[in-house]
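Protein chains in written order, with the working numbering: chain B, 1 to 368; chain W, 1001 to 1368.
Please note that the accuracy of each hint is not assured.
Listed next, the in silico SDA-like pairs over lysine to any residue satisfying Cα-Cα at most 25 Å (straight line) [as the list claims (entries may be wrong)]:
| id | chain 1 | residue 1 | chain 2 | residue 2 |
| --- | --- | --- | --- | --- |
| 1 | B | K190 | W | G1139 |
| 2 | B | K154 | W | S1325 |
| 3 | B | K360 | B | S124 |
| 4 | B | K177 | W | Q1094 |
| 5 | B | K179 | W | N1364 |
| 6 | B | K322 | W | N1277 |
| 7 | W | K1360 | W | A1099 |
| 8 | B | K322 | W | E1176 |
| 9 | W | K1208 | W | E1137 |
| 10 | W | K1223 | B | Q195 |
| 11 | B | K337 | B | A361 |
| 12 | W | K1337 | W | G1139 |
| 13 | B | K260 | W | K1190 |
| 14 | B | K209 | B | N364 |
| 15 | W | K1177 | B | Q219 |
| 16 | W | K1165 | W | W1211 |
| 17 | W | K1179 | W | L1197 |
| 18 | B | K216 | W | G1139 |
| 19 | W | K1179 | B | D320 |
| 20 | B | K165 | B | P202 |
| 21 | B | K154 | B | E138 |
| 22 | B | K337 | B | P63 |
These are computed hints drawn from the structure, not numbers from a lab.
One letter stands for each residue in the lines below.
Number of protein chains: 2
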Amino acid sequence: MKRTIFFIGNDSRFAFRVSLFAFRVTQITFYLICLVLLSFLNPASGQNNDSSSILHSPSSTRPTWVLVIHGGAGGPGKGGMPADLEKQYTDKLQEVLEAGKEVLSKGGTSLDAVETCIRMMEDSPLFNAGKGAVFTEEGKNELDASIMDGKTLKAGAVAGVSTIKNPITAARAVMEKSKHVMLIDGGAEKFAKEQGLEIVKPSYFYTKKRWDEYEKVHQQEMKGKAEENPKHGTVGAVALDAYGNLAAGTSTGGMTNKMKGRIGDSPIIGAGTYANNATCAISATGHGEFFIRNVVAYDISALMEYKGLSLDAAAHLVVDQKLKSQGADGGLIGVDKNGNITLPFNTKAMFRGTIRSGGKAIVNIYPD
Amino acid sequence: MKRTIFFIGNDSRFAFRVSLFAFRVTQITFYLICLVLLSFLNPASGQNNDSSSILHSPSSTRPTWVLVIHGGAGGPGKGGMPADLEKQYTDKLQEVLEAGKEVLSKGGTSLDAVETCIRMMEDSPLFNAGKGAVFTEEGKNELDASIMDGKTLKAGAVAGVSTIKNPITAARAVMEKSKHVMLIDGGAEKFAKEQGLEIVKPSYFYTKKRWDEYEKVHQQEMKGKAEENPKHGTVGAVALDAYGNLAAGTSTGGMTNKMKGRIGDSPIIGAGTYANNATCAISATGHGEFFIRNVVAYDISALMEYKGLSLDAAAHLVVDQKLKSQGADGGLIGVDKNGNITLPFNTKAMFRGTIRSGGKAIVNIYPD
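Isolated chain B (complex conformation) (with noise of 0.2 Å):
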């Protein structure tokens, strides 16, 4: 610049002005350049305001804990269930809340919390998980479970079992007190029992609700002309802990008159459930083989982690897109590591519940 001033006569002040306007034009360029090049970085930035989460919240108001439930996707679209019925589910969903709300207020971990509250939702027979789980081709119970540690990523799963009363309480001790991560059938019952967990006769599981629903698809089935198949039910909790750990846990009876043996995407770590520090936690519920098939709970994971996508997009991309482009019904719940939280479901209705440090217990069936 100093040169240019040297140089210039009297009637060059127009050029000089150019010649500043062409300097303007360079500085201008630039920054709008860098502007493209850092939403180019963080492609979340954009993104993280897609949310249809009921409790958003951005990380400078990270909460304290987070804890949120699921009883499965499925069944009918509003108006569709008896009234008594749908406050039946809403009561026990809050019941649940409550007691996962005693156990993080209190400095309760993450993993006791997903625990407390799968373990109610099995013991209730509203839900396909532990009391209450639908039937195999057989009329047999067979039930899956796993749970995960962020903070560890231990994990621990059993699955086709018969006799153990609550199959995440099983899937725990694999996780704590085996060299194991997956335990099946006789091998994960007779473990169960030198851990000196509760066991119970295979006919504890049986509710009449179930039994009539095993028999109308089996009869379909049998003729050949099965009509939609009842997969819901499956229950699964996430939470966040006051000391910033994430864990993730599922439970399912599976599916009604699924074949003897048949594992679904339940006790399936990275499919059904799973839980990192880093990224996030997530329990899915819906039809269990495209969720294995699509590895859907580390599926988001990965897009967080590799693509930086948010929680929330990347959990409605798996639901909205990949599954439902592919017929696949269900949906799914997560917490990442900032307390932000996502509940995505591509059916016309999700059990689920949410409550976090300072907030009030939130329970939907249907979509907001």
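Based on the hints, put chain W in the right spot on chain B.
Then chain W, alone, in the frame of chain B:
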């Protein structure tokens, strides 16, 4: 520019040059920033050269078909195995590759090649899969296998079976002939029988070598002083066929002295096996619990799809960094949609072989 030329006087020549110079600066800045922007939009470009593959075939010279097999990672390092046993392994791997070539060169599918190769290794007592499987803590054989079709994302798996001669064929039947992805134990065996698959007595799987291994480890663990547990021997295959379709499969007896009902990564879609025409086909072998928790096979696909890594860079990141940092030993084989392959392992040895259209079979045991 017209206005500028119209107004400038005689002695303003230099000022005009300055204005021109400023425009050039604008242009150059613009081009430079565009260049930076483009490199960020295509992060894979910088990593495609990082390959330690035996066969690295850039997409410009994509082979018609590619086959990679493994017979497990682990075991003693170079010089630790009798020469005649080493020859038995290399001869068998060579024979398996030739059989796979026979399938693929005659227009067979990647699924056919994967099943053919794994069946041969299951039938050989050399490997820890099918005949020659290791024993559980109860002195029994419990076999797991899975297979996945990269074209349809369909998958099949069996786990904890004791009477199915070829678990990989049962896994394929689950994928193609049932509504499920995973069947375990008695349910898988019932289904395999119904499908007309070969059923054997549990004693068929006995080999003296594995029994001796079991007795040694079992005694050590009973005394609470177990040495390193031999986990090697899982088998697997991945292939790209002439139609551009990928497939992957894995079969195993698990780990010696495992608990009854223990399931490792081999039958878990996303952990031990994954295939997707959009990315790659993977079969893993190693300490299964870590491979489940790290969702190893799908993680490589996600690193390729979401982070733009090459197959080889993704595979080495997972095996050499993620798994190694957790003390998890093992390896894997992979082929991508362009025929590039990868064979990373963090153990002293991995039994492995590769062949592709127009090429010769290459068999290796120790690090290159």
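A quick look at each hint next to the structure:
1. B:K190 x W:G1139: Within the cut-off at roughly 16 Å; holds.
2. B:K154 x W:S1325: holds (15 Å)
3. B:K360 x B:S124: This hinted pair holds, its Cα atoms lying about 23 Å apart.
4. B:K177 x W:Q1094: This hinted pair is violated, its Cα atoms lying about 42 Å apart.
5. B:K179 x W:N1364: violated (31 Å)
6. B:K322 x W:N1277: Holds, because 15 Å separates the two Cα atoms, which is no more than 25 Å.
7. W:K1360 x W:A1099: At roughly 13 Å apart (the allowed maximum being 25 Å), W:A1099 and W:K1360 satisfy the hint.
8. B:K322 x W:E1176: Holds, because 22 Å separates the two Cα atoms, which is no more than 25 Å.
9. W:K1208 x W:E1137: holds (16 Å)
10. W:K1223 x B:Q195: Holds - the C-alpha atoms of B:Q195 and W:K1223 are around 20 Å apart, at most 25 Å.
11. B:K337 x B:A361: holds (20 Å)
12. W:K1337 x W:G1139: Since the Cα atoms of W:K1337 and W:G1139 sit roughly 42 Å apart, the hinted pair is violated (cutoff 25 Å).
13. B:K260 x W:K1190: holds (8 Å)
14. B:K209 x B:N364: Judged against 25 Å, a Cα distance of about 23 Å means the pair holds.
15. W:K1177 x B:Q219: Roughly 21 Å separates the two Cα atoms, so the pair holds.
16. W:K1165 x W:W1211: holds (18 Å)
17. W:K1179 x W:L1197: holds (18 Å)
18. B:K216 x W:G1139: violated (42 Å)
19. W:K1179 x B:D320: The hint holds at about 23 Å.
20. B:K165 x B:P202: With a Cα-Cα distance of about 9 Å, the restraint between B:K165 and B:P202 holds, given a limit of 25 Å.
21. B:K154 x B:E138: The hint is violated at about 34 Å.
22. B:K337 x B:P63: holds (10 Å)
This entry does not satisfy hints 4, 5, 12, 18 and 21, going by the numbered hints stated previously.
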